[in-house]
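What follows is each chain in one-letter form.
Protein chains: 2
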Amino acid sequence: MNVDAVRAYFTSLQERLVAGLEAIDGTPFKSDAWSRPGGGGGVSRVIEGGGLFERGGVNFSHVSGVQLPATASAAHAHLAGRAFEALGVSLVLHPENPHCPTAHMNVRFFAAGGEAPVWWFGGGMDLTPYYGNKDDVRHFHGCCRDALSPFGADRHARYKAWCDRYFFLKHRNEPRGAGGIFFDDLNEPDFDSCFALTRSVGDAFLGAYLPILAKRRDCAYCERERDFQAYRRGRYVEFNLVYDRGTLFGLQSGGRTESILMSLPPIVKWRYDWRPEPGSAEEQLYSEFLVARDWI
Amino acid sequence: MNVDAVRAYFTSLQERLVAGLEAIDGTPFKSDAWSRPGGGGGVSRVIEGGGLFERGGVNFSHVSGVQLPATASAAHAHLAGRAFEALGVSLVLHPENPHCPTAHMNVRFFAAGGEAPVWWFGGGMDLTPYYGNKDDVRHFHGCCRDALSPFGADRHARYKAWCDRYFFLKHRNEPRGAGGIFFDDLNEPDFDSCFALTRSVGDAFLGAYLPILAKRRDCAYCERERDFQAYRRGRYVEFNLVYDRGTLFGLQSGGRTESILMSLPPIVKWRYDWRPEPGSAEEQLYSEFLVARDWI
Numbered sequence: 373m374n375v376d377a378v379r380a381y382f383t384s385l386q387e388r389l390v391a392g393l394e395a396i397d398g399t400p401f402k403s404d405a406w407s408r409p410g411g412g413g414g415v416s417r418v419i420e421g422g423g424l425f426e427r428g429g430v431n432f433s434h435v436s437g438v439q440l441p442a443t444a445s446a447a448h449a450h451l452a453g454r455a456f457e458a459l460g461v462s463l464v465l466h467p468e469n470p471h472c473p474t475a476h477m478n479v480r481f482f483a484a485g486g487e488a489p490v491w492w493f494g495g496g497m498d499l500t501p502y503y504g505n506k507d508d509v510r511h512f513h514g515c516c517r518d519a520l521s522p523f524g525a526d527r528h529a530r531y532k533a534w535c536d537r538y539f540f541l542k543h544r545n546e547p548r549g550a551g552g553i554f555f556d557d558l559n560e561p562d563f564d565s566c567f568a569l570t571r572s573v574g575d576a577f578l579g580a581y582l583p584i585l586a587k588r589r590d591c592a593y594c595e596r597e598r599d600f601q602a603y604r605r606g607r608y609v610e611f612n613l614v615y616d617r618g619t620l621f622g623l624q625s626g627g628r629t630e631s632i633l634m635s636l637p638p639i640v641k642w643r644y645d646w647r648p649e650p651g652s653a654e655e656q657l658y659s660e661f662l663v664a665r666d667w668i
Numbered sequence: 373m374n375v376d377a378v379r380a381y382f383t384s385l386q387e388r389l390v391a392g393l394e395a396i397d398g399t400p401f402k403s404d405a406w407s408r409p410g411g412g413g414g415v416s417r418v419i420e421g422g423g424l425f426e427r428g429g430v431n432f433s434h435v436s437g438v439q440l441p442a443t444a445s446a447a448h449a450h451l452a453g454r455a456f457e458a459l460g461v462s463l464v465l466h467p468e469n470p471h472c473p474t475a476h477m478n479v480r481f482f483a484a485g486g487e488a489p490v491w492w493f494g495g496g497m498d499l500t501p502y503y504g505n506k507d508d509v510r511h512f513h514g515c516c517r518d519a520l521s522p523f524g525a526d527r528h529a530r531y532k533a534w535c536d537r538y539f540f541l542k543h544r545n546e547p548r549g550a551g552g553i554f555f556d557d558l559n560e561p562d563f564d565s566c567f568a569l570t571r572s573v574g575d576a577f578l579g580a581y582l583p584i585l586a587k588r589r590d591c592a593y594c595e596r597e598r599d600f601q602a603y604r605r606g607r608y609v610e611f612n613l614v615y616d617r618g619t620l621f622g623l624q625s626g627g628r629t630e631s632i633l634m635s636l637p638p639i640v641k642w643r644y645d646w647r648p649e650p651g652s653a654e655e656q657l658y659s660e661f662l663v664a665r666d667w668i
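So the protein sequences, as listed, match chains Y and L. The first sequence begins at 373 in our numbering and counts up by one. The second sequence begins at 373 in our numbering and counts up by one.
Please note that the accuracy of each hint is not assured.
Given that identical chains are not distinguished, each listed pair holds provided it fits within a single copy or across any two copies.
[As the list claims (entries may be wrong)] In silico EDC-like cross-links for lysine to aspartate or glutamate, where the CA-CA straight-line distance does not exceed 16 Å:
#, residue 1, residue 2
1, K402, D645
2, K506, E654
3, K506, E595
4, K542, E630
5, K402, E420
6, K506, E655
7, K542, D564
8, K506, E387
9, K402, E426
10, K587, D507
11, K506, E660
12, K542, D397
13, K587, E468
14, K587, D526
15, K587, D645
16, K506, E487
17, K402, E630
Calculated from the structure, these hints are not laboratory results.
Assemble the whole structure, with the sequences as input and the hints as a guide.
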């Protein structure tokens, strides 16, 4: 177990992600460094009103403490009170063009000391289209598969299914988007393999997402498409504030609110009991993309 | 204890509220009746794009079941498995004009059977201004005080303080709005007094809110004020989805999602680490109104 190596990879990943995103957007990301009273801190890289991204960010954080709060993890309640470190890179991008999907990527590492030290990796990436394109979604899932294929034959299928389960709005009976991959509590067979898998996921993101943006950024749209995008972004808000473990843990544990809520979209609309017109492009999102399916 | 009497009051309150709001808005509310597979149902009265209200609703619901879910109430875990009834009227109104505050009102009743039957009332109302006016806030708090004054000298002070504690965004260290009153678990000294207090709160709402709308509905505003309103509405979303017990209980217990999320504003904006200009009207909201104070 080597926290310094994880930290070095995460900080360099953040830099590479920002450089790739700045290149396609044409606008520099702002940089905000912050520190946490309890220990540690982070750097938020944020873009608003860019050429392509209406709002988004790439956050790095490394927090530590002498006593893990009891509320930190229901699944790991036995770790309460131990010294801990938590590191991660989180990215959410909300393009302005409704033909460009929203994307999310995260890689993270957790370690707790004590008599029997524990550690694990987690992460994943997923795509949330508004006006979906099947080739785009297939490409994204293909990149996810390629990132995981060196790590076992069933790895991609398991992490793809985990993503479908995790990014699901129970109160809507609806997936958040078109899926991707998700994993957590990864600590087998050993640190080096788990770290290698996590690096493979982080390194795969730009190749999975940028080609989609390049193909769709010049698609024409008008008020109708923007309106539907704003409506669907409401689902993103609902998921992140009601279900997302990272968001809730962050808000409840005194994390940096503005960095955590960087994930929320710039303009969002709610409308009572709205349904897409049968046969419309908007209905196609529901029937073709917001369904768990084998994309590859 | 008389559930029929509570139901009759709640349904008539919903009708009176809708009639009063339709009169000031000039637009009829839509009516949606729904039933719940597990038992019970409700009627949602909703307005969108009205003359005054951009979005809002007055919901009545009466749900019942043979077994209260274990997740229903952490504070009342011993009631899990009992037959129960839960009734309420909930109102949220988001005016279009940023000089008109958002308002919320709720009255509710819960009863569980079994060897030692229990029941309680809860409710309250609160005001969320964007460009606040001290006379308006004083008037609103005065109506709250008058509604409670027949029920004991310290009643208003206690319920006002409870409201300040409840409608608070911990992750922002910020009250949701300018407060009001909040109460829960009310079952003393007897059913009749508790019911009378709850009716007094429900009956006071229109008198507390409509005069504010009448005074502010014609105030001029432009894009700057609408923009700040949309930004501040983000806090309303954050509170309702992260903290509000009724919202979370409803979403987790299979409630009717569109009725529950009627509380969310029509257009909302998030922006990274935004701060109001010193000395601006926007800063005044923070310094003068988003502070727990004695308004009367």
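Consistency of the hints with the structure:
1. Proximity of K402 and D645 under a CA criterion of 16 Å is satisfied inter-copy only: 11 Å between copies versus 38 Å inside one chain copy.
2. Proximity of K506 to E654 under the C-alpha cut-off of 16 Å is restricted to the intra-copy arrangement: shortest distance 14 Å within a copy versus 45 Å between copies.
3. With identical chains, the CA atoms of K506 and E595 are never at most 16 Å apart, being 23 Å at best within one copy and 38 Å at best between copies.
4. Proximity of K542 to E630 under the C-alpha cut-off of 16 Å is restricted to the inter-copy arrangement: shortest distance 13 Å between copies versus 26 Å within a copy.
5. Only within a single protomer do K402 and E420 lie at most 16 Å apart by alpha-carbon distance; the minimum there is 9 Å, versus 37 Å between protomers.
6. Only within a single protomer do K506 and E655 lie at most 16 Å apart by alpha-carbon distance; the minimum there is 15 Å, versus 47 Å between protomers.
7. In the homo-oligomer, the alpha carbons of K542 and D564 never lie at most 16 Å apart, since the shortest distance is 36 Å inside one protomer and 39 Å across protomers.
8. In this assembly of identical chains, the alpha carbons of K506 and E387 never lie at most 16 Å apart, being 30 Å within a copy and 49 Å across copies at closest.
9. In this assembly of identical chains, the alpha carbons of K402 and E426 lie at most 16 Å apart only when taken from the same copy (14 Å versus 34 Å across copies).
10. When the C-alpha separation of K587 and D507 is checked against a cutoff of 16 Å, the pair qualifies only within one copy, where the shortest distance is 11 Å, while the shortest distance between copies is 55 Å.
11. Proximity of K506 to E660 under the C-alpha cut-off of 16 Å is restricted to the intra-copy arrangement: shortest distance 9 Å within a copy versus 52 Å between copies.
12. For the identical chains of this complex, K542 and D397 are neighbours neither inside a copy (34 Å) nor across copies (35 Å), given an alpha-carbon limit of 16 Å.
13. In this homomeric assembly, K587 and E468 come within 16 Å of each other (Cα to Cα) only inside a single copy, at 14 Å, whereas the closest approach across copies is 38 Å.
14. When the C-alpha separation of K587 and D526 is checked against a cutoff of 16 Å, the pair qualifies neither within a copy, at 31 Å, nor between copies, at 65 Å.
15. With identical chains, the CA atoms of K587 and D645 are never at most 16 Å apart, being 33 Å at best within one copy and 32 Å at best between copies.
16. Taking identical chains as interchangeable, the C-alpha atoms of K506 and E487 are never at most 16 Å apart, the minima being 50 Å within one chain and 58 Å between chains.
17. Proximity of K402 and E630 under a CA criterion of 16 Å is satisfied intra-copy only: 13 Å inside one chain copy versus 37 Å between copies.
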